[in-house]
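Engineer: Here are the chains, one letter per residue:
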Amino acid sequence: MNQPREQEVPPRLALAHISKSFPGVKANEDISLSVRPGEIHALLGENGAGKSTLVKIIYGVQHADEGTISWDGETVSIPSPKAARRLGIGMVFQHFSLFDAMTVIENIALGLDEAVDREVLKARVAAILDSYSLPLDPERAVHTLSVGERQRIEIVRCLLQKPKLLIMDEPTSVLTPQEVERLFETLRQIASEGCAILYISHKLHEIKALCEAATILRGGRVVATCDPKLESTKRMAELMIGAELRQIEHKPGAGAGAVRLSVQDLSLAGEPPFGTDLEAVSFDARAGEILGIAGVAGNGQSELLTALSGERLASSPDAILLDGRPIGLHGAGQRRAAGLACVPEERNGHAAVPDFSLADNSILTARHRLPLAPLGFVARGDVLRFAQSVIQRFDVRTTGPGALARSLSGGNLQKFIMGREIGQQPAVLVVSQPTWGVDAGAAAAIRQELVDLAAKGSAVVVISQDLDELLELADRLCVLNEGRLSAPRAIASLGIDEIGLMMGGVHGAGESTGATHA
Amino acid sequence: MTSAILISILMTLVAASTPILLAALGELVVEKAGVLNLGVEGMMLTGAVAGFAVAYSSGSTTLGLIAALAAGVATAMIFAVLTLSLTANQVATGLALTIFGIGASSLIGAGFVGRTITRLGPVFPEALAGHPLLRAVFGHDIVVYLSLALVLAVSLFLRKTRPGLVLRAVGENDASAHAIGYPVIAIRYGAIAFGGALAGLGGAYFSLALTPMWADRLTAGRGWIALALVVFAAWRPGRLLLGAYLFGAVMTLELQAKAAGITWLAPELLAMAPYLATIAVLTMMSLGRKTGRLDAPACLGKPFSAS
Ligand SMILES: Nc1ncnc2c1ncn2[C@@H]1O[C@H](COP(=O)(O)OP(=O)(O)O)[C@@H](O)[C@H]1O
Ligand SMILES: [Mg+2]
Chain A
7 MNQPREQEVP PRLALAHISK SFPGVKANED ISLSVRPGEI HALLGENGAG KSTLVKIIYG
67 VQHADEGTIS WDGETVSIPS PKAARRLGIG MVFQHFSLFD AMTVIENIAL GLDEAVDREV
127 LKARVAAILD SYSLPLDPER AVHTLSVGER QRIEIVRCLL QKPKLLIMDE PTSVLTPQEV
187 ERLFETLRQI ASEGCAILYI SHKLHEIKAL CEAATILRGG RVVATCDPKL ESTKRMAELM
247 IGAELRQIEH KPGAGAGAVR LSVQDLSLAG EPPFGTDLEA VSFDARAGEI LGIAGVAGNG
307 QSELLTALSG ERLASSPDAI LLDGRPIGLH GAGQRRAAGL ACVPEERNGH AAVPDFSLAD
367 NSILTARHRL PLAPLGFVAR GDVLRFAQSV IQRFDVRTTG PGALARSLSG GNLQKFIMGR
427 EIGQQPAVLV VSQPTWGVDA GAAAAIRQEL VDLAAKGSAV VVISQDLDEL LELADRLCVL
487 NEGRLSAPRA IASLGIDEIG LMMGGVHGAG ESTGATHA
Chain B
700 MTSAILISIL MTLVAASTPI LLAALGELVV EKAGVLNLGV EGMMLTGAVA GFAVAYSSGS
760 TTLGLIAALA AGVATAMIFA VLTLSLTANQ VATGLALTIF GIGASSLIGA GFVGRTITRL
820 GPVFPEALAG HPLLRAVFGH DIVVYLSLAL VLAVSLFLRK TRPGLVLRAV GENDASAHAI
880 GYPVIAIRYG AIAFGGALAG LGGAYFSLAL TPMWADRLTA GRGWIALALV VFAAWRPGRL
940 LLGAYLFGAV MTLELQAKAA GITWLAPELL AMAPYLATIA VLTMMSLGRK TGRLDAPACL
1000 GKPFSAS
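Listed in order, the protein sequences are those of chains A and B. If you read the first sequence in the working numbering, its first letter stands for residue 7, the second for the next number, and so on. If you read the second sequence in the working numbering, its first letter stands for residue 700, the second for the next number, and so on.
Here chain A stands alone, though its shape is the one from the complex (with noise of 0.2 Å):
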């Protein structure tokens, strides 16, 4: 059907022969690609294999050295993000524009070139967001809201333009399977009504639901484009990482050793303004096993983490134990120092400190269980050591153990901390988000690690609202829905569309029946 417009009609978008070099990197290398009108176009490519500068390049953040960019057949220059917007081109970036302490509203006021009364365009707001039913309050202030909800209104900002090309760079990391399909729809709507679609994702089953090509790239050239329908998903990641993919062995029947980490009625008031009340959590996990806890962020996730990690304490001792001694009432360092260590899902600014380096970034949580730091004074040699084995190990892409945390890619920066706490073999490993924006092979190392970690004896408590992830990960799965932890189930016995409902329950039971992947 779409045969004869080919023909007819010119791309949407043509790149020809684009270059781009960072001081020391080639990001992008002789790319070439082009996009028709209604055509949904997967960009696939490893962490640093150049797909955010090839966007950045075509919306007009940065600028190509080489090479031309035609728009429905004419060379355009795109010096800037309006003159990509005037175009007619929209993008939802992978790391968030966003201004923390302005309000949804203001915030998507500021991604229009116009201004538009406020009045006006909260009703154009209100009315997006019930067409495609996100759930966000266009009053609150960004800094109170979850990861999903600030991509929220990144996706709003976009869709309120009417772009004729949508850029979306990773968009789904954080979505629950509902909400992805509804994405997903939305996509299909906006492509059918002529819009051409670019595609970012590491989630190669959604590329093949949603996308009709796809370009690969490695190491900033293109090394194949192919149909992601007719492909299999393994091939296409083969593809992607230029070597076999390893699939995460399983040890079954793990779960049966002692509880290590055991939480009693913990009961925490939520981060004022706008926090979730966590209502007397309480869960076991053994030595050896795995546990997810699935959810959709914003229902206590980030209130259990810190009271986890000790950030807040507990009420009483007794609400968290450690192998059976209360550590209720310790604080972050103690708990560290004990064996409970924590990942925190933001990476830069609370799991790391974006202006310190690698290696002064390991120090700040290792230093607990490894002699990093004895009597008080760095060891600079055994720092700087131990985050080159940690870069080695998870094979973090980086200059080396003096390179800024900010200056490396989230997913190489996920490794490396990730890395950091797995080094420290912790007693319980407690983890939210730990592969969100990380590519397939380094997700699928982070997992292998994670499960070789309960496999030597820890417990690990996954935190995510990656259902596969969890589906592939966890031995037993509970869901935290408002605060509150349903009882864990061991994986076996549940379907992805059962976990996805009770997490969909939140934002509206009953919408969605057909949460199946494809």
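Some clues are possibly wrong.
[Claimed, not checked] Quick list of in silico lysine to any residue cross-link-like pairs, SDA-like style, CA-CA up to 20 Å:
#1 Lys859/B / Glu145/A
#2 Lys1001/B / Arg412/A
#3 Lys859/B / Glu125/A
[Unchecked claim] Not the full set, but computed from the structure, chain A residues with beta-carbon under 10 Å of chain B:
#4 Gly94
#5 Val122
#6 Lys128
[Said to hold, decoys possible] Restraint ranges, calculated between C-beta atoms of paired labels, are given here:
#7 Thr982/B / Leu370/A: 27 to 33 Å
#8 His149/A / Gly937/B: 49 to 55 Å
#9 Ala791/B / Gly79/A: 52 to 58 Å
#10 Ala343/A / Ala874/B: 34 to 40 Å
Since the hints were made in silico from the structure, they are not lab data. Note that CB positions come from ideal geometry on N, CA and C, so glycine has one too.
Based on these hints, arrange chain B with the ligands on the given structure of chain A.
Structural biologist: Using the frame of chain A, we list chain B with the ligands on its own:
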């Protein structure tokens, strides 16, 4: 009789507050755009001397005020070029700017020391301001009314207008603003120029209205009080007005006490009062805050370079 005294205290208070209010309002806009310019005192001094020199030579205080504005902007541009285009450290550059302003104003003002000019007079004719009560409303000079109008204008600009929203966005997250496509550097240049203009005007208020005579270091550290006032006001123009008048009141207190011959209270204690008031109010404000989030623009003082 007592009402006449009260009115005269009020007039002194308003006059003492106005230069601080102007300089602080300019700095507030600068800081809202994410730039910390510690050179307020320096810009006030160059404004003060330029205003005096032009008013003295031309005999026109209006020309003097315009010259002060221009001198403030010119001094601010030194800061802007160094910190924005050459990404120099803002704190160090701001301090250097103050030292530069002190030196430059001494040099230019050397020939004017002790000279006098006619003081900037009230806007409205004497008839309107005859009665003491009317005088409290209509007896001020043009700069006082201008400063009040500017407080309102800046407040509306920041809260209600799109350019104001963009300016706040630049101060809140410069990288995001750049990614969306706002000209971060240009906006900051504009904010710094505005801050310089108001600081220059505030400085000239000393040499043209408060003491229509040139003396070295005429502003006597008021630029620093203006800086503190911005924090005190939690970056809100309305509170800034309140704070400036509070400072004015406390400063007048010292003079009034001296004039009234009160001896049992050491004048040094009264001179301390504005600073004690600042500490007290700041403490109360942070006690009252529930969210734990500071009101300071998140990118305040951080250098930005577009890559
Ligand atoms: N602003 C920049 N300055 C220097 N290097 C950069 C910059 N942006 C990206 N890079 C480098 O370019 C390469 C491609 O990065 P990116 O496009 O973000 O990859 P992807 O989005 O595929 O993960 C990486 O090696 C990254 O470190
Ligand atoms: Mg990327």
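Engineer: Run every hint past the structure and note whether it holds.
Structural biologist: Hints and how they fare:
no., hint, result
1, Lys859/B / Glu145/A, "holds (15 Å)"
2, Lys1001/B / Arg412/A, "holds (15 Å)"
3, Lys859/B / Glu125/A, "holds (12 Å)"
4, Gly94, "violated (15 Å)"
5, Val122, "holds (9 Å)"
6, Lys128, "violated (15 Å)"
7, Thr982/B / Leu370/A: 27 to 33 Å, "holds (31 Å)"
8, His149/A / Gly937/B: 49 to 55 Å, "violated (23 Å)"
9, Ala791/B / Gly79/A: 52 to 58 Å, "holds (53 Å)"
10, Ala343/A / Ala874/B: 34 to 40 Å, "holds (36 Å)"
Hints 4, 6, 8 from the earlier list are contradicted by this structure; the remaining hints agree with it.
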